[in-house]
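Just so you know, the working numbering puts 122 at position 122 of the sequence shown, and the rest follows in order with no gaps.
Quick caveat, the hints were computed from the structure, so don't treat them as lab data.
Ideal Cβ positions, reconstructed from N, Cα and C, are used throughout, including at glycine.
Some clues are possibly wrong.
With a Cα cut of at most 20 Å, we get these calculated EDC-like pairs of lysine to aspartate or glutamate [claimed, not checked]: (1) Lys117 <-> Asp89; (2) Lys196 <-> Glu124; (3) Lys159 <-> Glu124; (4) Lys275 <-> Asp73; (5) Lys275 <-> Glu177; (6) Lys117 <-> Asp178; (7) Lys159 <-> Glu297; (8) Lys108 <-> Glu135; (9) Lys108 <-> Glu192; (10) Lys92 <-> Glu70; (11) Lys275 <-> Asp179; (12) Lys275 <-> Asp178; (13) Lys196 <-> Asp89; (14) Lys193 <-> Glu124; (15) Lys191 <-> Glu124; (16) Lys108 <-> Asp73; (17) Lys275 <-> Glu67; (18) Lys108 <-> Glu70; (19) Lys191 <-> Asp89; (20) Lys159 <-> Glu76; (21) Lys92 <-> Asp222; (22) Lys117 <-> Glu297; (23) Lys159 <-> Glu80; (24) Lys92 <-> Asp73; (25) Lys108 <-> Asp89; (26) Lys92 <-> Glu192; (27) Lys108 <-> Asp178; (28) Lys108 <-> Glu67.
Label pairs and their calculated CB-CB ranges [to be verified]: (29) Asp222 <-> Gln194: 18 to 24 Å; (30) Gln194 <-> Lys108: 23 to 29 Å; (31) Asp73 <-> Lys117: 33 to 39 Å; (32) Pro106 <-> Asn54: 32 to 38 Å; (33) Ser122 <-> Ser277: 42 to 48 Å; (34) Ser122 <-> Arg188: 21 to 27 Å.
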Amino acid sequence: MNIFRKPALLSILLLLIVFGFENQPVLAQSSTDRTNFEVTELQAIIVATLTGYNEEGHHISRSTPHERTETADYLEQTFEQLGLIPLRDNYKMPNVNGLVDLLLAPYKGRNVFSVLKSTESSKEYVLMGAHYDSEPETPGAIDNASGVAVTFAIADLIKQQNHRKYNYIFVLFDQEEDDEVGSKAFVRFLKEKQYKIHSTHVLDVIGWGDSDTLAFEAQVSDDFIERMYRKTATRLDIPLNITGGRGHSDNKSFNLAGYHSAGFWDDNLTPHIHKPSDTYETVNFDRLRLATYFMFELLTNLDSSYDEL
1 MNIFRKPALL SILLLLIVFG FENQPVLAQS STDRTNFEVT ELQAIIVATL
51 TGYNEEGHHI SRSTPHERTE TADYLEQTFE QLGLIPLRDN YKMPNVNGLV
101 DLLLAPYKGR NVFSVLKSTE SSKEYVLMGA HYDSEPETPG AIDNASGVAV
151 TFAIADLIKQ QNHRKYNYIF VLFDQEEDDE VGSKAFVRFL KEKQYKIHST
201 HVLDVIGWGD SDTLAFEAQV SDDFIERMYR KTATRLDIPL NITGGRGHSD
251 NKSFNLAGYH SAGFWDDNLT PHIHKPSDTY ETVNFDRLRL ATYFMFELLT
301 NLDSSYDEL
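Construct the complete structure from the given sequences, taking the supplied hints into account.
If you want it as structure tokens, here you go:
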């Protein structure tokens with residue numbers, strides 16, 4: 001059974017958005033005017049689909065193996081609809097204690113990703129991602145369907161840019177709620193394939209609260225990443241708090257592996273996290289739009305002005 005049964009209206013809107021992008025300017029080249037930033041409709045459809053929201057208010061989780069498989073299939077279809085090639089990192093990861101593997105099956109899952117090539121001959125990759133799974137019995141709208149929606153929007157926007165100095169990897173992680181298993185597996189994949197990673201940027205728990213007055217938080221691994229985020233926040237006049245530490249989400253996997261890494265989320269945590277009340281209705285899409293604007297400006301300025309960092 002396919003758990004992603006969208007109302008007909010949402011299906012029509014998705015087709016209009018995805019296939020109508022060429023005739024609808026989403027963002028002017030090099031624009032820094034947030035009023036020109038139109039991504040809300042696409043993001044609303046993605047969050048509604050991932051959470052099972054429809055006219056009857058039905059909600060679904062993304063926790064069981066079946067739910068996560070159905071979700072991964074939908075994510076691959078969305079990459080395709082955005083004109084990007086979906087790729088898979090199917091993994092098996094042992095339990096933390098090897099003896100547990102004798103009693104319980106090892107972790108199995110699927111990370112879904114797409115690679116957007118540089119317009120130059122770069123060998124470096126900038127990674128941006130978010131986890132797509134949820135805790136059991138919760139729709140996981142802000143944790144973390146919203147992060148998935150921001151990732152898709154930025155992937156589409158960067159695809160439209162005429163110049164890309166770096167390659168980009170847009171990845172949606174499985175099993176963040178299981179001790180970041182999916183991102184740990186993806187770190188292993190990157191090292192096996194010998195990707196040269198410039199920096200990694202992980203989105204989680206975005207979309208709660210007032211869109212303009214509440215701060216975002218960037219949890220950074222080092223000074224290189226901190227300067228990047230501080231400069232963007234100052235230039236755009238967006239409130240941002242900088243913190244350190246190993247990591248509170250999938251950014252932890254990249255930090256511990258030695259990559260330049262950041263986790264980006266709301267500074268004011270939603271009270272609905274890991275609860276059945278984390279539904280589509282609680283998402284502030286203006287705030288998602290602001291987060292998308294911030295991250296797009298940060299990542300596209302990697303192409304032009306951060307070489308001196």
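Okay, the hints, checked on the actual structure:
A hinted pair counts as satisfied when its Cα atoms are at most 20 Å apart, and lysine 117 with aspartate 89 qualifies at roughly 18 Å. As the CA atoms of lysine 196 and glutamate 124 are separated by approximately 5 Å, the hinted pair is consistent with the 20 Å bound. Taken as a hint, the lysine 159 and glutamate 124 pair is honoured in the structure, with Cα atoms around 17 Å apart against an allowance of 20 Å. Taken as a hint, the lysine 275 and aspartate 73 pair is broken in the structure, with Cα atoms around 25 Å apart against an allowance of 20 Å.
A distance of roughly 13 Å separates the Cα atoms of lysine 275 and glutamate 177; the hinted pair therefore holds under the 20 Å criterion. About 31 Å separates the Cα atoms of lysine 117 and aspartate 178, which puts this hinted pair outside 20 Å; it is violated. Distance hint between lysine 159 and glutamate 297 is fulfilled; the C-alpha atoms sit about 14 Å from each other, no more than 20 Å. Taken as a hint, the lysine 108 and glutamate 135 pair is honoured in the structure, with Cα atoms around 16 Å apart against an allowance of 20 Å.
Between the alpha carbons of lysine 108 and glutamate 192 the distance comes to roughly 18 Å, so the proposed pair stays at or under 20 Å and holds. This hinted pair checks out: lysine 92 and glutamate 70 have alpha carbons roughly 18 Å apart, not beyond 20 Å. Between lysine 275 and aspartate 179, the direct Cα distance comes to roughly 18 Å. Compliance with the 20 Å bound is thereby established for this hinted pair. Using a Cα cut-off of 20 Å, the hinted pair lysine 275 and aspartate 178 holds, with the two alpha carbons roughly 16 Å apart.
At most 20 Å may separate the alpha-carbon atoms for a hinted pair to count; lysine 196 and aspartate 89 meet this at roughly 18 Å. Restraint check: the Cα-Cα separation between lysine 193 and glutamate 124 comes to about 13 Å, which is no more than 20 Å; the hinted pair holds. At roughly 13 Å between alpha-carbon atoms, lysine 191 and glutamate 124 fall within 20 Å of each other, so this suggested pair holds. At roughly 15 Å between alpha-carbon atoms, lysine 108 and aspartate 73 fall within 20 Å of each other, so this suggested pair holds.
Annotation: proposed proximity of lysine 275 to glutamate 67 holds, straight-line Cα distance about 17 Å (limit 20 Å). A C-alpha spacing of about 14 Å is found between lysine 108 and glutamate 70, which places the hinted pair at or below 20 Å, so the restraint holds. Between the alpha carbons of lysine 191 and aspartate 89 the distance comes to roughly 13 Å, so the proposed pair stays at or under 20 Å and holds. Taking the CA atoms of lysine 159 and glutamate 76, the gap is about 17 Å. The hint holds against a cut of 20 Å.
A C-alpha spacing of about 30 Å is found between lysine 92 and aspartate 222, which places the hinted pair above 20 Å, so the restraint is violated. Under the criterion of a C-alpha separation no larger than 20 Å, the hint pairing lysine 117 with glutamate 297 is consistent with the structure, at around 18 Å. For the hint pairing lysine 159 with glutamate 80, the CA-to-CA distance comes to about 13 Å; that is within 20 Å, so the pair holds. Straight-line distance between C-alpha atoms of lysine 92 and aspartate 73 comes to about 18 Å, which keeps the hinted pair within the 20 Å bound.
Of the supplied pair hints, the one linking lysine 108 and aspartate 89 holds, its CA atoms being roughly 11 Å apart against a limit of 20 Å. The straight-line distance between the Cα atoms of lysine 92 and glutamate 192 is roughly 15 Å, inside the 20 Å bound, and the hint therefore holds. Restraint check for lysine 108 and aspartate 178: satisfied, since their Cα atoms lie roughly 11 Å apart, inside the 20 Å limit. A C-alpha spacing of about 13 Å is found between lysine 108 and glutamate 67, which places the hinted pair at or below 20 Å, so the restraint holds.
Taking 18 to 24 Å as the suggested C-beta distance range, the pair aspartate 222 and glutamine 194 conforms, at roughly 22 Å. Here the CB-CB span from glutamine 194 to lysine 108 is close to 25 Å, well matched to the stated 23 to 29 Å. Separation of aspartate 73 from lysine 117 is about 25 Å and departs from the stated range, judged on CB atoms against 33 to 39 Å. At roughly 36 Å, the beta carbons of proline 106 and asparagine 54 sit within the given window of 32 to 38 Å.
Between serine 122 and serine 277 the beta carbons are some 44 Å apart, a value that agrees with the proposed interval 42 to 48 Å. Judged by the Cβ atoms, the range 21 to 27 Å given for serine 122 and arginine 188 holds: they are separated by roughly 23 Å.
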